[in-house]
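Numbering (this note's numbering), first residue to last: 1 to 311.
These aren't lab readings, by the way, just hints derived from the structure by calculation.
Keep in mind that a hint or two might mislead.
Said to hold, decoys possible - In silico DSS-like cross-links for lysine-lysine, where the CA-CA straight-line distance does not exceed 25 angstroms:
id	residue 1	residue 2
1	Lys90	Lys102
2	Lys236	Lys34
3	Lys95	Lys105
4	Lys137	Lys217
5	Lys202	Lys217
6	Lys65	Lys130
7	Lys161	Lys81
8	Lys82	Lys137
9	Lys279	Lys308
10	Lys285	Lys210
11	Lys38	Lys53
12	Lys279	Lys236
13	Lys279	Lys266
14	Lys269	Lys209
15	Lys292	Lys209
16	Lys247	Lys130
17	Lys161	Lys293
Unchecked claim - Quick list of simulated restraints, FRET-style, between CB atoms:
id	residue 1	residue 2	range
18	Leu310	Met142	46 to 54 angstroms
19	Pro164	Lys90	22 to 30 angstroms
20	Met142	Glu271	33 to 41 angstroms
21	Trp246	Asp99	37 to 45 angstroms
22	Arg226	Glu271	28 to 36 angstroms
No residue lacks a Cβ here, since even glycine has one placed at the ideal position from N, Cα and C.
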Amino acid sequence: MKSQIKNKTLQQNSGQVIIILGPTASGKSELAVKIARKIGGEIISADSRQIYKNMKIGTGLITKKEMRGIKHYCINYISPKKRYTVINFKKCAEKALKDILKRGKIPIICGGTGFYISALTGSINIPEIKPNWQLRKKLEKMRTEKLFNMLKKLNPERAQKIDPKNPRRLIRAIEIAKSSSPPTRRVGETDPTGRFLQIGIKLPEKELKKRIEKRIKNMVNPPTGRGLINEVKKLKNPTADGGLSWKRLYELGFEYKYPAMFLQGKISKQEMTKRMILKNLQYAKRQMTWFKKYQPETKWIKNYSEIKKLL
RNA sequence: GGGUAGGUGGCGGAGUGGUCAAUCGCAUCAGACUGUAAAUCUGACGGCCUGACGGCCUACGGGGGUUCGAAUCCCUCCCUGCCCA
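Please construct the entire structure, taking both the sequences and the accompanying hints into account.
In C-alpha cells form, the structure reads like this:
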C-alpha cells in the first residue's frame with residue numbers, strides 16, 4: 001500500500017508540489033511529515049516566525065525527533081534581529097523547491113502564513129520595489145488622511161482600491177507609486193501553474209480551541225525541558241543572538257510579546273497565558289479568512305485518513 | 001449595628017435633568033490585505049421592521065415619586081466594596 005502510493009505519485013507528478021495549510025495548532029507539521037515519509041517528500045516551512053533562530057518553543061517549531069529524518073527547509077536559519085519579508089521567504093522556498101525537485105523528491109510546503117504561501121504559489125504578486133525605510137520613517141509620522149491624499153495624487157487608481165485608513169498599506173502604496181517602476185497587479189489566478197495540490201486541515205472549533213490551549217500550556221509549563229519564559233529571557237539577554245529589545249520581542253508575535261510583558265512585571269503569568277490563548281484563537285480565524293479567499297482550491301480535510309484519497 | 005463608596009449593555013468603565021440605545025476599551029461576529037502578515041487595518045455589535053432615510057419596543061439594581069422630560073433629582077427596598085464597632 002505504502003509503496004503503491006509512492007510509485008504512482010512519483011511517476012505522475014514530476015514537478016508537482018503539495019501544500020499543507022491550516023490554522024495554528026491544527027497539526028500541519030505532523031501531517032506533513034507523515035505524507036513526506038509515505039511519498040518521499042521534503043518539507044518547506046511557510047511560517048513567518050519559524051524562520052528565526054532560537055525561537056523554537058514559542059513558534060511551535062517541529063523538533064528534530066518529530067522530523068523523523070525528513071528534511072526541512074526555511075526554518076531556524078536567521079537571526080531574530082534581522083528584518084525578514086515575504087521576498088526573503090520566496091527566495092528561500094524557491095531555492096529549496098528547485099533543489100528538492102532536482103533530486104526527484106516531492107516538495108511539501110507546510111505552513112500557516114497565508115501571505116507567504118500565496119506569494120509563493122503566485123496567487124499574489126508582489127511588486128519588485130524594495131522597502132525604503134527612510135521614506136517609511138518619514139511617512140509614519142503623518143496622519144493617515146494625509147497619506148491617503150498623497151497617494152491619490154500619485155496614483156489615483158490605486159487610491160480607489162486601497163483601505164484609506166490603514167497606514168501601513170498606504171505607506172507601501174506610496175512607496176511603490178514614488179518609484180519609477182510600473183505598478184503590478186495581482187495575478188488573480190490562485191494556481192497559475194496548476195501544479196499545486198492544496199490540502200487544508202480544518203478542525204471543529206472546539207477541538208482547535210482545545211489544541212491551542214494545550215499547546216500554550218505546554219509552552220509555559222513543559223512536561224520536560226525548558227519553557228517559553230526561559231526562551232524569551234534568553235532572547236533578551238545580550239549574548240550571541242540574543243539582546244533583543246522589548247520592542248522587538250513585541251514584534252515577534254504573541255508568544256513573545258506576552259512573556260515579555262510578564263518579565264517586565266506588566267502582567268501576571270496567568271494573564272499572560274490567557275492572552276496568548278485568546279490571541280491564538282483570533283489568529284486562527286484570521287488565517288481561515290485568508291485561505292478562503294486566496295487559496296480557494298484547497299481541499300479541506302478533518303483527519304489523516306481523508307488524505308489518502310487525495311494522494 | 002454605625003459610617004462611607006457604589007450598583008450602567010457579555011466584561012471593564014464614562015455619563016450625573018433633554019442633543020442617550022447610552023463616549024471609550026476588551027470580548028464577540030463579519031471582512032480587508034501589492035516586500036513588517038503571529039503584522040496592519042475596517043465594519044457591525046439591545047430587540048424588531050426598512051434597500052436606505054427612518055420608525056417602533058424594551059433598557060442604566062427593584063418599586064414608587066418629582067418633572068413637559070430622568071441613567072441622571074427625591075423616597076424606599078435589595079445587593080456589593082471599604083472603614084469603625
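Hints versus structure:
{"no.": "1", "hint": "Lys90 with Lys102", "verdict": "holds, 18 angstroms"}
{"no.": "2", "hint": "Lys236 with Lys34", "verdict": "violated, 36 angstroms"}
{"no.": "3", "hint": "Lys95 with Lys105", "verdict": "holds, 14 angstroms"}
{"no.": "4", "hint": "Lys137 with Lys217", "verdict": "violated, 38 angstroms"}
{"no.": "5", "hint": "Lys202 with Lys217", "verdict": "holds, 22 angstroms"}
{"no.": "6", "hint": "Lys65 with Lys130", "verdict": "violated, 38 angstroms"}
{"no.": "7", "hint": "Lys161 with Lys81", "verdict": "violated, 34 angstroms"}
{"no.": "8", "hint": "Lys82 with Lys137", "verdict": "holds, 17 angstroms"}
{"no.": "9", "hint": "Lys279 with Lys308", "verdict": "violated, 33 angstroms"}
{"no.": "10", "hint": "Lys285 with Lys210", "verdict": "holds, 15 angstroms"}
{"no.": "11", "hint": "Lys38 with Lys53", "verdict": "violated, 29 angstroms"}
{"no.": "12", "hint": "Lys279 with Lys236", "verdict": "holds, 22 angstroms"}
{"no.": "13", "hint": "Lys279 with Lys266", "verdict": "holds, 17 angstroms"}
{"no.": "14", "hint": "Lys269 with Lys209", "verdict": "holds, 20 angstroms"}
{"no.": "15", "hint": "Lys292 with Lys209", "verdict": "holds, 20 angstroms"}
{"no.": "16", "hint": "Lys247 with Lys130", "verdict": "holds, 24 angstroms"}
{"no.": "17", "hint": "Lys161 with Lys293", "verdict": "holds, 17 angstroms"}
{"no.": "18", "hint": "Leu310 with Met142: 46 to 54 angstroms", "verdict": "holds, 49 angstroms"}
{"no.": "19", "hint": "Pro164 with Lys90: 22 to 30 angstroms", "verdict": "holds, 28 angstroms"}
{"no.": "20", "hint": "Met142 with Glu271: 33 to 41 angstroms", "verdict": "holds, 35 angstroms"}
{"no.": "21", "hint": "Trp246 with Asp99: 37 to 45 angstroms", "verdict": "holds, 38 angstroms"}
{"no.": "22", "hint": "Arg226 with Glu271: 28 to 36 angstroms", "verdict": "violated, 21 angstroms"}
Hint compliance for this structure: hints 2, 4, 6, 7, 9, 11, 22 are broken, all remaining hints hold.
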